[in-house]
Amino acid sequence: METIIRINNLTKKFGNVVALDQVSLVIDPGTFVTLLGPSGCGKTTLLRCVAGLEDPDGGEIYIGNNLVFSYDKGISLPSSKRDLGLVFQNYALWPHMKVDKNITFALEIQKMPKPEMEKRVKESLKEVQMEGYEDRYPREMSGGQQQRIALARMLAYRPKVFLMDEPLSNLDARLRMDMRTELKRLHHISGATTIYVTHDQVEALTMSTNIAVMKEGVVQQFDSPDRIYHFPANLFVADFIGNPKVNLLEGVVNGKNSVDVGNFKISMNTDNAYGNVVVGIRPEDIAISPQLIPESVEFTAYSILPSGADSTIIARLGEVELTIKVMGISKIQMDDRIWLKFIPETINLFDKATGNLIN
Amino acid sequence: MQIPAVSPQPSLLQFQASSRRFFHWLTKPHVVLSLIMLLLMFYMVIIPLYKLVQTTVTWQLVDASRIPGAVEGELTLYHWIRMLSGIFGQIYTFTPLTHSMTIAIGTVVLALLIGGSLAWLVVRTDMPGRKLVNQLAVLPYIMPSWTLAQAWLVLFKNRTTGGAPGMFEALIGVSPPDWLSYGPVPIIICCALHYYTFFFLFVSAALMSIDSNLEEAGELMGAKRWRILRKITLPLVLPALLSGFIMTFSKVMGTFGGPNILGSPIRYYVVATMIRGSLAAGDKADAFVLAIVLILFAMVTISLNQRFTGTRRSYETIGGRGFVANPSKLRNLKKLFFTTVIIFQLLVLVVPLGLLTYDTFLLRTGDYSLSNLTLQNWIGQPNPLYNDGEPGVLHNPRIYKTAWNSIRLALYTAFFTAFLGVLLGYAIVKGRGTRLAKTVDQLAYIPYVIPGIAFGAVYIAMFAKKIGPLPSLYGTFALLVVVSVAKHIPYSSRSGVSAMMQVGHELEEAAQVAGASVWHRFRRVIFPLTMSGFISGFLLTFITTMRELSLIILLVTRDTQLLSSQTMKYIEAGRDQMGNIVVLLLVIITVIGNQIIGRFSGGSLKKGLGM
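Going line by line, the protein sequences match chains A and B.
For the first sequence, the positions run 130 to 488 when our numbering is used.
For the second sequence, the positions run -7 to 603 when our numbering is used.
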């Protein structure tokens, strides 16, 4: 019962603003796909189009074998006929119904027999670890509990597709961590194709099979978390993903396998690149040493920011500032002389004009 | 040579697709509702307005016999020229207009002073008994606006108009001067004592939402109390003041009861009473010209004020939450203020009702000796010596019928209005940003700017005759319901919109995704969640309809008489005691209705006013 979702050239405008610009995605059956991007990038709009809550201005959407939306054919299946479940950012539990009524709402519409319905309520509450809460009103529960009930409400009628619109963003950091674990488990057990919207890159990286990074209504890259992190398709993706942020240095390729970034040169495989480029180096891909080591560049430690498991070091050389992440608490002091060494195969090279990845 | 084969199919397919898309749009619930609402408002507001204008620019049947060359139904500017020029225009249009303006402005100023200072005392000071004052302050609004006028006459009637003198003269022995008995002064006082409620509600809501830190900041900087009030508090409550201003001004411009009771006897006419007079004289077109003048006048004032408030709307974001305000200390004046306020409230509530009640026990008007006390007016058997042989009110089947008419009308109107409010709110909120929703929103506002008496006139124009498929409703009870519902559309749409805003779109979408049909969504989610808004709207409409006079005075007939119009009929016939009994019945029924609905629902007047 795993369902593929295909989106072809989907376009949506709000007045003159293009919220989605010819978006195409194929979401494999049973995968967990995250739509990631800053606010206003169109991720929620895309989700709402799939849910049938917005009418796109062009393109097609297939859920499984059903064409649920086609502009050119004038087809638009109502949400109720798309067989999907949606979890909202603000939970959207019906405040005038107790938990059990919230859960049975969809089941009543399906005219499910009563005993079966009660069984489903029990089951779904168990799945979200909220047994015994049947008689509560939403306002009598905490935010985290309400979000669990909202999940149970969706699980109970077993839709083929799960849609989630920033479901964890109203929770505090601790709860969010717990819920990530639960959500991943739930997806693992149910195997339902899931589209998950978030602006939190950690959430996207930790939970997804695939991530679609979006900006201004366009999908920048649709790939596995691993590839998104290590091979960002362009400067936007590189800059958006990763904490601390990637180091981006402008430079010139003026010889084989060497990039001149001004104060120093970085040797790496430059393929066929030439001219103006941007070098992207992840903070954890820089080796740091208090003594001179071969093939290193001398920097000064500008600031040290330890945070327990790891430390962030800001290093400077003239105009160039680099962020370096090392494990544990660093012995390096502010204003120390330090030697940095780059690992050529971890460095990304971007075309400066287009911003796209070269290697 | 080969001609490329052009298949007609692609364009046919395209046409099918676009018509499907159009159908899909057309069947969205908020679009369907918007279109129905547009149709309804077209029928209830636009066509009547058109008929009103049309009547004024065509020759009428009465003209054909009076004016040579007039052919019924042909276009003419005769009525406009007649009503707006020369001595005729002076008497029929401009003098009444000046009077209406005088009364409206006077009322607004006085009501603002009373309502504003009461609000300040209740919200911003440490005066004792603020809760009590707060509750009493809303009561005058429940009484019909002209009740005070009636009570005024009981007290201050003088011999100018003939008949028996009022209680003042009987007790003191001095005839009160004309300016105190009749005309603008008593009208303004009576209107202001009714309408100050608007200012009280608006200003106290605004004051409650102002963080007293803002004022304290001023105090820390060394500003004097008066300066703080003027420079900080006043600008912050200005939008509330202007809302109260618009509402009161437009209501008073079209009010009929007070000016009719206190003005007409000395031929002090306002536009409202003039319209009724012209209609009674058979000059329909003249009356309608006046109605249009009144409408234009109200529209200009309101749009001027809106332009003014529009630029200041940013202030409204300040509040929303109730802050723990630091009350101003009244110190040793505490008791004085409290006593003054309570005495004032007794004067405008208890004394008038007491006077009216006492008056109903008089057998002969103006005779205050004990031997003149009687129950004849209440429970007497028919006696040709009194009341033209009519029995006492409680034995009079006509009064029962009238009371039942009033209750029925109020219930029907309240129900349809509140229901319409939810639907309008849905259509406007769901379609937010679309041109359709904006049009609905704007059309729903129109009845607001049409003064009550003019609205009644509009309906005479429309429903006097059968037009096309539209039936002639004149003289029917249904017409009263239609006009009352139509007049309430602005209020209902406003409270409907605020109720829907609170529901938020996700709750409906959650149901939509869960597989619920439109009907199911309304029944299980939208109606239950907007219930308290519905009840508040119901309550407010019930009360305002119970005591509505200006709107229906032109439309009632013998069989559709209401308590309010019956009161007016009795008073115009010089049978004051009977009129007073009927108005007392009206007050009693309204208060009971208010209690019942409020008890069983938790809805409140304030909520109904959209606060």
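If you are wondering where the hints come from, they were derived from the structure by calculation, not from laboratory data.
Ideal placement from N, C-alpha and C gives every residue a C-beta, glycine not left out.
Where hints are given, some of them may not hold.
As the list claims (entries may be wrong) - Using 20 Å as the maximum straight-line C-alpha spacing, the simulated SDA-like pairs for lysine to any residue come out as follows:
| hint | chain 1 | residue 1 | chain 2 | residue 2 |
| --- | --- | --- | --- | --- |
| 1 | A | 202 | B | 3 |
| 2 | A | 243 | A | 226 |
| 3 | A | 481 | A | 465 |
| 4 | A | 344 | A | 138 |
| 5 | A | 142 | B | 428 |
| 6 | B | 20 | A | 330 |
| 7 | B | 321 | B | 202 |
| 8 | A | 227 | B | 519 |
| 9 | B | 430 | A | 144 |
| 10 | B | 422 | A | 209 |
| 11 | B | 422 | A | 313 |
| 12 | B | 422 | A | 144 |
| 13 | A | 210 | B | 17 |
| 14 | B | 20 | A | 460 |
| 15 | A | 142 | B | 9 |
| 16 | B | 422 | A | 183 |
| 17 | A | 313 | A | 298 |
| 18 | A | 210 | A | 182 |
| 19 | B | 422 | A | 150 |
| 20 | B | 422 | A | 143 |
| 21 | A | 202 | B | 422 |
| 22 | A | 210 | B | 519 |
| 23 | B | 422 | A | 298 |
| 24 | A | 210 | B | 15 |
| 25 | A | 210 | B | 3 |
| 26 | B | 20 | A | 186 |
| 27 | A | 227 | B | 383 |
| 28 | A | 210 | B | 202 |
| 29 | A | 243 | B | 17 |
| 30 | B | 422 | A | 445 |
| 31 | A | 460 | A | 445 |
| 32 | A | 230 | B | 498 |
| 33 | B | 422 | A | 219 |
| 34 | B | 561 | B | 411 |
As the list claims (entries may be wrong) - Part of the chain A face toward chain B, derived, beta carbon under 7 Å:
| hint | residue |
| --- | --- |
| 35 | 182 |
| 36 | 183 |
| 37 | 202 |
| 38 | 203 |
| 39 | 205 |
| 40 | 209 |
Hints not upheld, ascending by number: 3, 6, 11, 14, 19, 21, 22, 23, 25, 27, 28, 29, 30, 34 and 36
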